[in-house]
Amino acid sequence: MKHSAKQLPLLDIANYYTHRSAFVEELRHACHTVGFFLIRHDTTLDHTATQMLEESREFFQRPLDEKQEISYAKSPSFRGFMELGVENTAGTIDHREQVEYAVEYPNECSPKKSWPVYERLKEASNPWPTSFQPSLQSVTLEFATQVCRVANVIRDSLCLALNVNPTTVSNEWFNNHPTEVPHWVVKLIRYPAVSGETQQGVGAHTDTNFLTLVLQDDSGGLQAYSQGEWVDVPTVHGSNVLVCNLGEQAEVWSRGYFLATPHRVLRNTHQQNHRISVPLFYNPVLSATIRPLDESIIKGAVWERHHDTKHWRRNNNAMLASVGENTFKSLARSHPKVFETHHSDLTILPDGQIVRKKEY
Numbered sequence: 030m031k032h033s034a035k036q037l038p039l040l041d042i043a044n045y046y047t048h049r050s051a052f053v054e055e056l057r058h059a060c061h062t063v064g065f066f067l068i069r070h071d072t073t074l075d076h077t078a079t080q081m082l083e084e085s086r087e088f089f090q091r092p093l094d095e096k097q098e099i100s101y102a103k104s105p106s107f108r109g110f111m112e113l114g115v116e117n118t119a120g121t122i123d124h125r126e127q128v129e130y131a132v133e134y135p136n137e138c139s140p141k142k143s144w145p146v147y148e149r150l151k152e153a154s155n156p157w158p159t160s161f162q163p164s165l166q167s168v169t170l171e172f173a174t175q176v177c178r179v180a181n182v183i184r185d186s187l188c189l190a191l192n193v194n195p196t197t198v199s200n201e202w203f204n205n206h207p208t209e210v211p212h213w214v215v216k217l218i219r220y221p222a223v224s225g226e227t228q229q230g231v232g233a234h235t236d237t238n239f240l241t242l243v244l245q246d247d248s249g250g251l252q253a254y255s256q257g258e259w260v261d262v263p264t265v266h267g268s269n270v271l272v273c274n275l276g277e278q279a280e281v282w283s284r285g286y287f288l289a290t291p292h293r294v295l296r297n298t299h300q301q302n303h304r305i306s307v308p309l310f311y312n313p314v315l316s317a318t319i320r321p322l323d324e325s326i327i328k329g330a331v332w333e334r335h336h337d338t339k340h341w342r343r344n345n346n347a348m349l350a351s352v353g354e355n356t357f358k359s360l361a362r363s364h365p366k367v368f369e370t371h372h373s374d375l376t377i378l379p380d381g382q383i384v385r386k387k388e389y
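In the numbering used here, each number is its position in the sequence shown, counted from 1, plus 29.
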């Protein structure tokens with residue numbers, strides 16, 4: 030089925046198992062042309078997704094001093110609660126509060142001495158609110174596990190769409206590393222309702238990872254930039270549907286055949302409720318390097334976009350081949366105070382690269 034930019038595709042993961050070739054083709058077309066899509070998952074995730082939204086609402090309704098007990102200001106790996114107004118996109122404040130968690134590593138690094146720079150993302154553990162909301166931990170970890178299974182299906186299908194062996198990509202970037210694990214990140218986010226002018230919930234950006242899957246409530250506000258226009262992402266499908274977009278790693282890997290789709294959240298007076306969303310950012314292992322596919326593979330793929338189409342891109346934002354460096358770059362830019370507190374020996378170059386100050 031072909032889709033216009035204003036009609037985001039809705040895929041059903043059940044078709045991966047029953048009509049795989051049709052599912053792969055629909056996914057290829059969606060990621061190549063529209064750049065954003067919805068995916069209906071199976072019922073095993075539906076209950077956990079509902080719990081995840083409920084746990085998120087419960088956490089954000091708590092007093093600020095309770096939420097600050099797990100503040101990310103204490104974390105060199107940028108994990109924990111971030112109050113309203115501490116994050117920015119391209120220097121403009123984002124009107125949202127959030128909690129960020131990531132996969133935990135068994136061997137912690139030595140603070141301030143870790144290199145390559147992404148080793149610092151393995152420092153410290155997730156600050157769970159065990160004293161006042163202990164159930165959040167188990168629900169979040171189960172949610173991450175189940176959503177990563179959906180991401181695995183999409184990853185393998187993207188490979189099949191380009192006639193690439195999924196096992197090769199899985200072994201090289203995700204599963205064949207005895208001392209590392211794929212670096213997933215989960216954010217619990219609340220965008221407050223507004224009473225005045227439209228506010229930037231989060232500014233226009235592309236994601237640095239391979240793939241993003243978003244659980245959202247029905248409040249609205251998420252927009253995707255596709256084929257030259259901003260498109261509202263629908264919210265009518267409930268918790269059994271995730272919103273999906275590709276990140277910079279997928280764009281680099283596919284030589285631009287698949288696009289890292291820009292998106293944003295705007296909040297206005299028509300949206301009377303707080304928006305709750307829970308994105309999972311799906312990454313390979315941090316030590317992986319994303320190399321472009323051989324050009325002959327892309328030449329053999331069906332091209333349906335206009336070659337001269339200009340895709341929105343943030344200025345001075347190099348898409349780094351290193352998974353870990355790209356991930357650290359995004360965090361450092363979005364959270365400059367925490368970056369300075371815990372990584373004062375580093376500096377960010379104008380193109381986003383992170384270097385030691387003594388080397389600059």
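No lab work stands behind these hints: they were computed from the structure.
Accuracy of the hints is not assured; some may be wrong.
Listed next, with one range per pair, are the computed distances between beta-carbon atoms [stated by the list, open to error]:
id, residue 1, residue 2, range
1, Asn194, Gln97, 44 to 54 Å
2, Ser154, Asn117, 25 to 35 Å
3, Gly285, Ser164, 39 to 49 Å
4, Glu226, Asn194, 22 to 32 Å
5, Ala222, Pro263, 32 to 42 Å
6, Asp94, Glu226, 42 to 52 Å
7, Thr196, Leu39, 39 to 49 Å
Idealized CB from N, CA, C, for every residue including glycine.
Verification of the hints:
Against the hinted window of 44 to 54 Å, the Cβ-Cβ separation of asparagine 194 and glutamine 97 comes to about 48 Å, which satisfies the hint. For the hinted restraint 25 to 35 Å between serine 154 and asparagine 117, the CB-CB distance of approximately 26 Å keeps it satisfied. For the pair glycine 285 and serine 164, the beta carbons lie near 43 Å from each other, so the given range of 39 to 49 Å is met. A C-beta distance of roughly 51 Å is found between glutamate 226 and asparagine 194, which places it outside the suggested range of 22 to 32 Å.
The given range of 32 to 42 Å is broken by alanine 222 and proline 263, whose C-beta atoms sit roughly 20 Å from each other. A C-beta distance of roughly 30 Å is found between aspartate 94 and glutamate 226, which places it outside the suggested range of 42 to 52 Å. Taking 39 to 49 Å as the suggested C-beta distance range, the pair threonine 196 and leucine 39 does not conform, at roughly 28 Å.
When each numbered hint is compared with the structure, violations occur for hints 4, 5, 6 and 7.
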